[in-house]
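Respectively, the protein sequence lines represent chains A and B.
So for the first sequence, this note's numbering puts the first residue at 821; every next one is plus one.
So for the second sequence, this note's numbering puts the first residue at 1375; every next one is plus one.
Hints are not guaranteed to be accurate.
Some, not all, of what chain A presents toward chain B, calculated at C-beta under 7 Å [stated by the list, open to error]: (1) Leu836; (2) Ala837; (3) Trp863; (4) Glu865; (5) Tyr960; (6) Pro993; (7) Gly1096; (8) Leu1205; (9) Ser1276; (10) Pro1291.
No wet-lab data here; the hints were simulated from the structure.
We treat Cβ as the ideally placed atom computed from N, Cα and C, and that holds for glycine.
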Amino acid sequence: MTFRQARWDEPSVWDLAPPRSSEAPPQISGIPEKLRRKHAVQWPELSELEVVRHYTRLSQMNFGIDTAPYPLGSCTMKYNPKVSEVLARRKGAAEVHPYQPEATVQGSLEVFWRLERILSRVTGLPEVSLQPAAGAHGEYAAMLMVRAYFRDLGELAERTEVLLPDTAHGTNPASAAMAGFATREIPSKDGCVDVQELGRAVSKKTACFMLTNPNTAGLFESEILEIAETVHASGAMLYYDGANLNAILGVTHPGRMGFDVAHLNLHKTFATPHGGGGPGAGVLAANDKLGPYLPVPRIVKEGRRFRLDYDRPKSIGKIKTAYGNFGLDLRAYAFILSHGEEGLKHISRRAVLNSNYVASRLGKHLPRPFRPLVKHEFVLSGAPLKERGVRTLDLAKRLLDEGVHAPTVYFPSLVEESLMIELPETESKRELDGYIAAFERALADTPENLHAAPRSLSVTRVDEVRAAREPLLSWKDLRAASEKAETP
Amino acid sequence: MARWIPDESGEEAALLEGLGISSTDALFTDVPKRARIGRMGVGAAREEPDVVAEVDRLLGRNRPLSNFSSFMGGRLTSRYSPAAVDSIVSRSEFYTAYTPYQAEASQGMLRTLFEFQSLWVEMTGLDVANASLYDGATAGGEALLFCRRLHEGTRFLVPASLPWEERSVLENYASGPGLRVEEIPYDDRTGRLDLEFVRSAVAKKDVFGVLADVPNGFGHVDEGVSELKSILGDVPLVIAADPLSLSVLEAPGNYGADVVVGEGQGFGIAPSFGGPLLGLFACRKEHVRSAPGRIVGATFDTEGRRAYALTLVTREQHIRRSRATSNICTNESLMALAFVVYATVVGPRGLARLQASLAEKARTLASGLGAIEGLKAPRFDAPYLGDFTVEVGRGTAEEFLDRLRRRKILGGHPLSDPRPASTRGPERILVGLGETTSEKDIQKYVKAARAAIGAVGRTA
């Protein structure tokens, strides 16, 4: 495929129309002189058409799922159905204020309630809250819940440690640390949790073990029931990171596997668009032990009416303004309705089929460090490329020239020069074969070309080292830098 | 079955054949039998028209803002957004992208985020903004942890007038590292912070940060915030600022703020029953390595072209893990796009004009309500920009609002903490206005308020 991304010579918005500075904004009576703004905010004044053109041009220098396959491992970049976009913009969804009286927001409350009930069945955990704004936010809230639970048991002083495998997403240890826990990594064996090691590490000091299943190596942790037993024997909690739920819908669920609390990412499994970094939408699901600690308010149904319930004495309180990212929750609800039970099961079967198909093909070219049967994603090692003076990063950049997004690279870190590839259920066989062919072309290319990639995008290889060494983080920094450069 | 899973005839059979297996069952042999589940109980699939009808039926049980004369205010607004904003936000090159890990493929979003960061820097008078956080409340929570990295201590001071939700979020962020959130009392007449309280608290050496909001939780502008830094010395000052207010108010960086956070929803983002929202965060350059969240930096490509990339990533969870400055992975990039497009379409003068017009309307409404016996409006004798507090002298705030609602008015929201364990404060309502609030709406509110409070008087 010949691919050329737009390469607009588009100035920054402040260079389109340098702001005129001196004018003071209108004065508002009663505002003391000390707090009055002396000069208007320094920002350009452009016509609406100029603004629209500017951001349209920028958009054309950006990859999205709608432009190309986006096989970022652990990110589950599947098609975001258009019907959900239409529904989320309905007046009855968008033009509703969260502090309106309950009687006027029964529809929103019912959407929340229905989605919570469905996700309870999907996770096998009875209590659900949609309040977290994202997956990591859910992890953090869950760690606060675990903390509150052990405080009530009088064990918090002792249970100071959260365990996690060395394949864990970085958000896991970060969330645990923010919630005040020390973290300790359990080494993996053949890409999975080493249950013996776990058994040695678990103690009365353990508050929780955080696990993603399938894990970030794309492997199902087959010893999950033994893991749950080991963790629970010490009285600790077992946490499910739902980032990889796309592999197991209808096959198993966190409840059956023995997890006490879970987060899900609606922007992964349930296809809400990720917006170039966010918004996401997080889900918290918990068993009866941890359920009472979920954030308030909870959504309750009384007869035919829905209500926000704040009467949860054990709740950790609020973790964000209002109740959750409703706009995303509604999209996920429409997605689930469209699929139904069989469709949800089909999602995982197809995602895993796609993954194994591509893995078996690409595994002929690069080593697959673990067992061949994978779930929704798989890991390759780019280490052999080093003999040709090529790194995984070069391969990733060269793939961009093929008009496909790069995989996740250098994660998980237990694999040298790793590439993590995930092509979800919405990619057709034609796209998979196209991706395999693109990957093979990229691999077969010369080291010179791999080093020079990408060449078909709006910019060539970006100097990220310089970005970090000499940080220029705003227009203000750019102005200062150019003044400095002009000073003899 | 949803048509989003490709099913060209023979397609899955060909994939299975490629793997030399006959059924996808062979792909799940690694899931132990004892861990298997039967039916989830989700129900049958529906076709698209049916899904649309079902969702519309549910949404039909809502009564959106346009059914009312709306006076909903506070950090979350019901302000108008020009159609151009949603048009840009709806471009799928933006909304179907992931976090811009591959800089070369994502210059559009990276440049947008750089412009967004630059705008928040210009508005706040600080040096560095991040690429967004979840919402204003969590931005405050991140600011609390940020302050603790800059300064020793266990106490974080916030106004007693801070909305209860934000206070609760802050308490959660404080709880992990064993920190405490404490209230600064306010003057009962003006709502102004008790600066002497702050002075003596700081003198005890255990305060690691102070947060003050502009406008405050009552909607008022407290002149005292500009004096806080001189009291705090090297204790970090966090200002939680409404972005629209910064079109007319001094940049907090110019009166000593070390951090400025805010809720960006009012800039081009629909209220959507509370999310997605937009957390704003800016700080001083010397503290950037302690800052939470993604940050975009400017650099060059190999051919000397200006290019942008996520930078200073060694602060972040995917590199630093348990020692990261925050667990932020997903943020609110698309909402940051809406924010910068909104501000640019409306323009700096347009923003200031909007704020001035809201202040004008608010004065008209406050004087109308203030003349009603049984209501105190505005409750506090202090300047305001659009939102203000009304105290209901008879009955509860909820009863009063309920009576207004029957006349198709959303009269604001109660300020009290709804959790049963909390002590119920005075009956106060935060009232706000928007572009679409007309003189007629204001007169309607005043008339209905008079009737509502009169009705309580009769039944009392």
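Now for the hints, and whether the structure bears them out:
no., hint, result
1, Leu836, "9 Å, violated"
2, Ala837, "10 Å, violated"
3, Trp863, "5 Å, holds"
4, Glu865, "5 Å, holds"
5, Tyr960, "6 Å, holds"
6, Pro993, "4 Å, holds"
7, Gly1096, "4 Å, holds"
8, Leu1205, "18 Å, violated"
9, Ser1276, "9 Å, violated"
10, Pro1291, "5 Å, holds"
Of the numbered hints listed earlier, those contradicted by the structure are 1, 2, 8 and 9.
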